[in-house]
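Asker: Here is how the chains run, residue by residue.
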Amino acid sequence: MTDRPTRLLLLSSVFVIATCGLVYELVAGTLASYLLGDSVMQFSTVIGVYLSAMGVGSWLSGFVVRGEARLFVRVQFLVGVVGGCSAALLFLLFAHAASFRVLLYGLILLVGILVGLEIPLLLRILKDRLEFKDLVARVFTFDYIGALLASLLFPLVLVPHLGLVRSSFLFGILNVAVGLLTLRVLGDGGRWSASMRGVGILLLALLGAGFAASGKIMAWSEQSTFSDPVIFARSSPYQRIVLTRAAGDLRLHLNGNLQFSSRDEYRYHEALVHPGLARFPRARDVLVLGGGDGLAVREILRHDNIRHVVLVDLDPEMTRLFRSQELLVKLNAGSLDSPKVTVVNADAFSWLAAATNQFDFAVVDFPDPSNFSLGKLYTTAFYERLGRVLAPGAACVIQSTSPMVARRAFWCVDQTLRASGFVTEPYHVYVPSFGEWGYVLASREPIPDHLRLPPGLRFLDADTCASMFRFPPDMDRVPTEPNRLNNQSLVRYFEEEWSKVTTTP
Amino acid sequence: MNTRRRTFLKAGIAAAAGLGGSAFGVRAGGSFTGGMVGVDSALGHRFRDGGFPEPTSSEATEILVVGGGISGLAAARELDRLGLRDWKLLELEPEAGGNAASGRNAVSEFPWGAHYVPLPGHDTPEVTGLFEELGIIVRRDARGLPVYREEFLCHDPQERLFVDGRWQEGLVPQFGIGAAERSAIAAFLARMEELRGARGNDGKPAFAVPVDRSSRDPALLALDRETFAAWLTREGFTSTALRWYADYCCRDDFGAGMDRVSAWAGLHYFASRRGEAANAPGHSVVTWPSGNGWLAGRLREGAGGRCSGRAAVFRVVPADGGVEAWVWHADRGASVRHRAKAVVLAVPQFVAARMIGPEEAAGPRAGGVYAPWMVANLTLRSMPLGRGAPPAWDNVMRDSRSLGYVVATHQSLHPVPRATVLTYYQPLDEIPPAEARRAAAERGWESWCAQILADLRPAHPGIADLVERIDVRVWGHGMACPVPGWIWDGRRERLARPHGRVHFAHSDLGGMSLFEEALVQGTRAARDVAAQLAGKAGA
Numbered sequence: 001m002t003d004r005p006t007r008l009l010l011l012s013s014v015f016v017i018a019t020c021g022l023v024y025e026l027v028a029g030t031l032a033s034y035l036l037g038d039s040v041m042q043f044s045t046v047i048g049v050y051l052s053a054m055g056v057g058s059w060l061s062g063f064v065v066r067g068e069a070r071l072f073v074r075v076q077f078l079v080g081v082v083g084g085c086s087a088a089l090l091f092l093l094f095a096h097a098a099s100f101r102v103l104l105y106g107l108i109l110l111v112g113i114l115v116g117l118e119i120p121l122l123l124r125i126l127k128d129r130l131e132f133k134d135l136v137a138r139v140f141t142f143d144y145i146g147a148l149l150a151s152l153l154f155p156l157v158l159v160p161h162l163g164l165v166r167s168s169f170l171f172g173i174l175n176v177a178v179g180l181l182t183l184r185v186l187g188d189g190g191r192w193s194a195s196m197r198g199v200g201i202l203l204l205a206l207l208g209a210g211f212a213a214s215g216k217i218m219a220w221s222e223q224s225t226f227s228d229p230v231i232f233a234r235s236s237p238y239q240r241i242v243l244t245r246a247a248g249d250l251r252l253h254l255n256g257n258l259q260f261s262s263r264d265e266y267r268y269h270e271a272l273v274h275p276g277l278a279r280f281p282r283a284r285d286v287l288v289l290g291g292g293d294g295l296a297v298r299e300i301l302r303h304d305n306i307r308h309v310v311l312v313d314l315d316p317e318m319t320r321l322f323r324s325q326e327l328l329v330k331l332n333a334g335s336l337d338s339p340k341v342t343v344v345n346a347d348a349f350s351w352l353a354a355a356t357n358q359f360d361f362a363v364v365d366f367p368d369p370s371n372f373s374l375g376k377l378y379t380t381a382f383y384e385r386l387g388r389v390l391a392p393g394a395a396c397v398i399q400s401t402s403p404m405v406a407r408r409a410f411w412c413v414d415q416t417l418r419a420s421g422f423v424t425e426p427y428h429v430y431v432p433s434f435g436e437w438g439y440v441l442a443s444r445e446p447i448p449d450h451l452r453l454p455p456g457l458r459f460l461d462a463d464t465c466a467s468m469f470r471f472p473p474d475m476d477r478v479p480t481e482p483n484r485l486n487n488q489s490l491v492r493y494f495e496e497e498w499s500k501v502t503t504t505p
Numbered sequence: 001m002n003t004r005r006r007t008f009l010k011a012g013i014a015a016a017a018g019l020g021g022s023a024f025g026v027r028a029g030g031s032f033t034g035g036m037v038g039v040d041s042a043l044g045h046r047f048r049d050g051g052f053p054e055p056t057s058s059e060a061t062e063i064l065v066v067g068g069g070i071s072g073l074a075a076a077r078e079l080d081r082l083g084l085r086d087w088k089l090l091e092l093e094p095e096a097g098g099n100a101a102s103g104r105n106a107v108s109e110f111p112w113g114a115h116y117v118p119l120p121g122h123d124t125p126e127v128t129g130l131f132e133e134l135g136i137i138v139r140r141d142a143r144g145l146p147v148y149r150e151e152f153l154c155h156d157p158q159e160r161l162f163v164d165g166r167w168q169e170g171l172v173p174q175f176g177i178g179a180a181e182r183s184a185i186a187a188f189l190a191r192m193e194e195l196r197g198a199r200g201n202d203g204k205p206a207f208a209v210p211v212d213r214s215s216r217d218p219a220l221l222a223l224d225r226e227t228f229a230a231w232l233t234r235e236g237f238t239s240t241a242l243r244w245y246a247d248y249c250c251r252d253d254f255g256a257g258m259d260r261v262s263a264w265a266g267l268h269y270f271a272s273r274r275g276e277a278a279n280a281p282g283h284s285v286v287t288w289p290s291g292n293g294w295l296a297g298r299l300r301e302g303a304g305g306r307c308s309g310r311a312a313v314f315r316v317v318p319a320d321g322g323v324e325a326w327v328w329h330a331d332r333g334a335s336v337r338h339r340a341k342a343v344v345l346a347v348p349q350f351v352a353a354r355m356i357g358p359e360e361a362a363g364p365r366a367g368g369v370y371a372p373w374m375v376a377n378l379t380l381r382s383m384p385l386g387r388g389a390p391p392a393w394d395n396v397m398r399d400s401r402s403l404g405y406v407v408a409t410h411q412s413l414h415p416v417p418r419a420t421v422l423t424y425y426q427p428l429d430e431i432p433p434a435e436a437r438r439a440a441a442e443r444g445w446e447s448w449c450a451q452i453l454a455d456l457r458p459a460h461p462g463i464a465d466l467v468e469r470i471d472v473r474v475w476g477h478g479m480a481c482p483v484p485g486w487i488w489d490g491r492r493e494r495l496a497r498p499h500g501r502v503h504f505a506h507s508d509l510g511g512m513s514l515f516e517e518a519l520v521q522g523t524r525a526a527r528d529v530a531a532q533l534a535g536k537a538g539a
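From first to last, the protein sequence lines stand for chains A and B. Yeah, the first sequence ends on 505 if you go by the working numbering, and it's all consecutive. Yeah, the second sequence ends on 539 if you go by the working numbering, and it's all consecutive.
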């Protein structure tokens with residue numbers, strides 16, 4: 001055994017490829033649980049598929065008769081490119097792929113097969129250089145130590161400091177480097193080696209560019225602005241839609257403002273819909289303004305008496321997303337595709353002006369009045385138009401920001417409804433991710449008292465419901481100016497009050 | 001509309017402005033379109049210089065209204081209300097509207113001139129009556145106060161001022177001025193508030209809309225003999241910030257600064273409005289994306305097919321106990337002899353003078369001072385960014401000779417702001433009106449665009465990249481200017497008297513170009529015509 005340095009190089013490459021192989025597996029598992037949720041399930045299936053794909057790779061190596069070294073170089077390059085780009089690809093394609101799982105498991109299979117080819121090929125390359133017992137002992141030692149290193153590096157260094165996208169590019173670079181090294185050690189110096197070296201350098205440049213651009217990819221997906229990993233980000237003509245996910249908590253942000261957390265949105269949406277709707281057992285037609293996530297509609301459909309729901313949301317991208325993405329459809333129970341639901345993409349003001357139908361109940365779930373354009377959706381002018389589509393005796397409920405943080409803004413919504421000829425029943429609820437949150441139930445006539453809650457609620461019962469209508473002194477009514485188009489008092493209250501707290505909803 | 005469409009690179013603007021490329025951050029390929037818009041100048045000049053052929057045919061209606069501005073449209077509306085429906089309205093421009101003209105494109109409607117009306121008070125039942133008819137006032141509350149349709153009230157925020165590199169809310173200077181300046185402004189506003197409630201020795205309000213409903217107290221009328229600037233100095237209002245504000249207001253309403261308009265006119269601006277509403281403060285205004293074009297549009301709808309555009313009336317003479325008007329119809333290419341029992345001349349007085357005859361053309365009717373204006377509509381991909389207060393309806397820059405811009409999409413109810421149209425106003429008052437008119441007539445579109453963008457750039461550094469289109473209109477005789485003596489030397493009141501069966505109706509006759517004045521003048525002229533035709537004593 002004369003070529004000791006060669007042997008050492010090849011053995012250390014086992015170490016590197018083992019680390020790389022496990023990193024890809026961890027990246028895929030982590031991404032799958034970010035993007036699809038249910039981390040136990042995702043990790044388990046990803047590991048299973050990956051290991052069996054490695055088995056397929058090892059089995060396929062049996063069909064290789066000669067040229068092991070050349071194939072090994074090719075495999076290194078392929079693993080480097082596919083594995084290196086996998087995280088970026090999965091992030092970028094999540095929103096576009098018709099079936100994300102096909103893409104995800106396709107990538108895992110491909111990387112697994114390639115990684116499965118590596119060790120058998122390497123064993124055969126080294127078989128003449130070492131005794132069999134030493135060969136097996138050393139290769140598997142490096143393999144397992146590499147795996148240990150990867151499993152420690154991944155959570156402690158890579159994810160927190162580099163992030164998933166950059167980490168996978170980095171390990172892609174290492175794979176290609178091993179390929180180039182092998183080429184140098186075992187290559188024949190002929191034309192094939194020269195051209196493969198060119199390919200390898202090109203791939204290094206490509207992956208290096210990806211590594212450098214990872215910041216941009218992350219910025220594009222707004223990873224830097226959110227504490228949790230961003231799993232979806234897109235600008236529609238109307239807003240920036242961002243979904244984040246961490247430890248099973250899926251969050252929707254519109255223009256950087258949290259809309260819901262999947263952990264406690266049931267509190268928000270049960271409280272939005274039922275305290276009002278459960279008092280109208282004969283209601284048939286319900287209008288939802290805003291609420292393109294379909295979560296309010298999910299709650300409305302719990303009432304058997306409801307025949308038809310019209311949802312008016314400005315942004316077709318929102319309703320498309322909440323009709324097509326598995327995770328989101330699971331969250332809203334497919335409410336937007338219910339045969340009882342009609343989705344309209346229009347701005348509420350114009351839609352109301354043209355509407356001819358009458359509704360027995362209306363849910364108004366707009367973004368908070370954080371600017372003068374949105375503030376117009378909370379004015380006497382708006383509520384007068386809304387009043388025209390309510391059937392006699394019908395009621396509406398308005399999400400009305402936090403009575404704790406923005407006490408005057410909350411009571412301003414109540415005052416505005418009163419100034420528009422409504423009788424109001426303001427109430428509030430605690431939603432952990434939002435804090436104390438307020439709603440105003442309003443009708444032209446007193447609302448019947450009898451409450452009939454639908455089955456299957458996680459939060460509301462009759463007692464909870466009754467307690468929500470009581471306001472402790474620190475949130476109780478304060479005098480305010482009704483919000484009109486020509487004074488925009490609500491936006492002024494809201495800005496002043498929310499500017500005092502550092503985090504916005 | 002005579003629009004010349006063209007495109008040019010921003011480099012072209014920079015070069016035209018003589019500012020060099022760097023001033024604009026020239027970007028290859030960045031371009032916008034637009035052109036000069038406005039009255040058919042060939043038709044206008046032909047009217048001025050004569051040369052229309054003699055009529056070859058005849059037409060007749062009971063009454064003829066000449067001029068389709070607000071006063072003419074108001075006269076026509078009132079004739080209908082009095083049951084006199086056999087009238088015809090003739091207008092030089094393709095469409096009636098006058099100073100309330102407006103345009104529209106894919107982004108928004110926008111004004112070309114007047115763009116708001118302050119809430120009317122008790123002085124002007126003509127205005128409240130029209131507002132009730134058009135649904136601007138929807139009802140009255142228990143106290144009898146008018147409830148306005150909220151969408152038409154100017155949405156908040158209404159005004160902002162760019163001063164010292166920042167936008168501040170409101171037009172009255174607040175920041176970067178000393179306590180002395182602030183208290184001078186407060187004292188001035190308190191004085192104006194006092195004058196708003198003041199009455200003359202005849203018991204009439206000191207300042208009223210329309211002008212003719214103001215007190216004739218000689219002590220008050222004496223204010224028409226000095227300039228507003230002189231009055232301010234005499235009263236000890238010497239604060240720079242206050243004088244800027246007073247000057248801005250005069251230029252905004254009269255097209256001339258405080259050193260050219262009379263003190264009576266200047267004080268009228270601040271002290272004549274006593275509007276009231278159940279759902280808005282009294283000093284509010286109503287406005288639309290098309291400005292007062294919305295009102296002109298409603299009045300046109302009422303007129304139905306009885307308006308003819310591109311019709312130049314070049315002679316008005318008594319004939320057979322009635323009146324005969326010679327009319328060049330540009331679209332027909334022929335002149336028509338139009339006979340009527342009475343005529344309402346709802347045109348500026350210098351135009352009326354040319355129609356009535358040569359002796360009038362040299363007389364007092366031709367003596368008015370008319371302010372030339374430039375108005376531009378800028379179509380932008382999005383609202384331009386700026387430091388400080390967010391965009392308002394009226395946006396004024398302290399260190400600019402322009403009056404700033406009004407946002408046509410401000411009244412939009414869409415929750416997400418997108419493309420917009422800004423209407424930019426500039427009275428051409430730095431040189432005497434006749435010279436300014438000549439200079440403006442010779443100036444090209446590129447030169448206007450360069451000036452406008454350079455003026456907006458300090459407040460909106462990125463604006464040039466957002467511009468898609470700029471259309472520019474020059475109003476040679478934008479409005480009568482209330483120079484000292486014009487309102488109360490007796491001449492104005494004499495001009496309002498009818499010539500036999502020719503009646504006059506124009507905001508000129510009130511001495512200032514206001515929607516309310518035009519509406520009242522037109523309504524009055526129609527009532528005079530009705531009285532004359534009914535055989536009662538005339539006006």
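Treat the hints as calculated values from the structure; they're not laboratory data. As the structure is a prediction and not an experimental result, all values here were calculated from the model. A couple of the hints might just be wrong.
From the derived model, a few chain A residues whose C-beta atoms are all more than 10 Å from chain B [unchecked claim]: (1) 52; (2) 129; (3) 325; (4) 327; (5) 348; (6) 377; (7) 381; (8) 424; (9) 468; (10) 474; (11) 488.
Label pairs and their calculated CB-CB ranges [stated by the list, open to error]: (12) B:143 / A:350: 47 to 57 Å; (13) A:307 / B:172: 49 to 59 Å; (14) A:257 / B:141: 31 to 41 Å; (15) B:317 / A:350: 46 to 56 Å; (16) B:414 / A:202: 33 to 43 Å.
Covered stretches of chain B (in silico footprint by chain A; criterion: 3 or more residues with CB under 8 Å from a CB of chain A, positions within the stretch not fixed) [claimed, not checked]: (17) 66 to 76; (18) 144 to 157.
In this text, a Cβ means the ideal position worked out from N, Cα and C, and glycines have one as well.
Asker: Take a quick look at residue 327 of chain A and tell me if its Cβ sits farther than 10 Å from every Cβ on chain B, holds or violated.
Answerer: Its Cβ never comes within 10 Å of chain B, the nearest being 26 Å, so this holds.
Asker: Would you assess whether residue 474 of chain A, listed as outside the interface, keeps its beta-carbon beyond 10 Å of every beta-carbon in chain B?
Answerer: Check passes; 29 Å lies beyond 10 Å.
Asker: Just want to verify: residue 129 of chain A was marked as not at the interface with chain B; is every Cβ pair farther apart than 10 Å?
Answerer: holds, 63 Å
Asker: Minimum Cβ separation between residue 381 of chain A and chain B greater than 10 Å?
Answerer: Residue 381 of chain A is in fact no farther than 10 Å from some Cβ atom of chain B, at 4 Å.
Asker: Holds or violated: the 47 to 57 Å window for the beta-carbon distance between residue 143 of chain B and residue 350 of chain A?
Answerer: violated, 33 Å
Asker: Would you check chain A against the region 144 to 157 of chain B, counting CB to CB pairs closer than 8 Å, and say if three or more residues qualify?
Answerer: n = 7 at 8 Å, threshold three: holds.
Asker: For residue 424 of chain A, is the shortest beta carbon distance to chain B beyond 10 Å?
Answerer: Holds, since 19 Å exceeds 10 Å.
Asker: Does the no-contact call for residue 325 of chain A survive, Cβ to all of chain B over 10 Å?
Answerer: Fine: 23 Å to the nearest Cβ keeps residue 325 of chain A off the interface.
Asker: Does the no-contact call for residue 468 of chain A survive, Cβ to all of chain B over 10 Å?
Answerer: holds, 28 Å
Asker: At the C-beta level, are residue 414 of chain B and residue 202 of chain A separated by a distance inside 33 to 43 Å?
Answerer: violated, 50 Å
Asker: Would you say the region 66 to 76 of chain B counts as covered by chain A, given the rule of at least 3 residues with C-beta under 8 Å?
Answerer: Since 0 is below three, the answer is violated.
Asker: Measuring from beta carbon to beta carbon, are residue 257 of chain A and residue 141 of chain B in 31 to 41 Å?
Answerer: Since residue 257 of chain A and residue 141 of chain B have Cβ atoms about 38 Å apart, the given range 31 to 41 Å holds.
In this structure, the earlier hints numbered 5, 6, 7, 11, 12, 16, 17 are contradicted, and the remaining ones agree with it.
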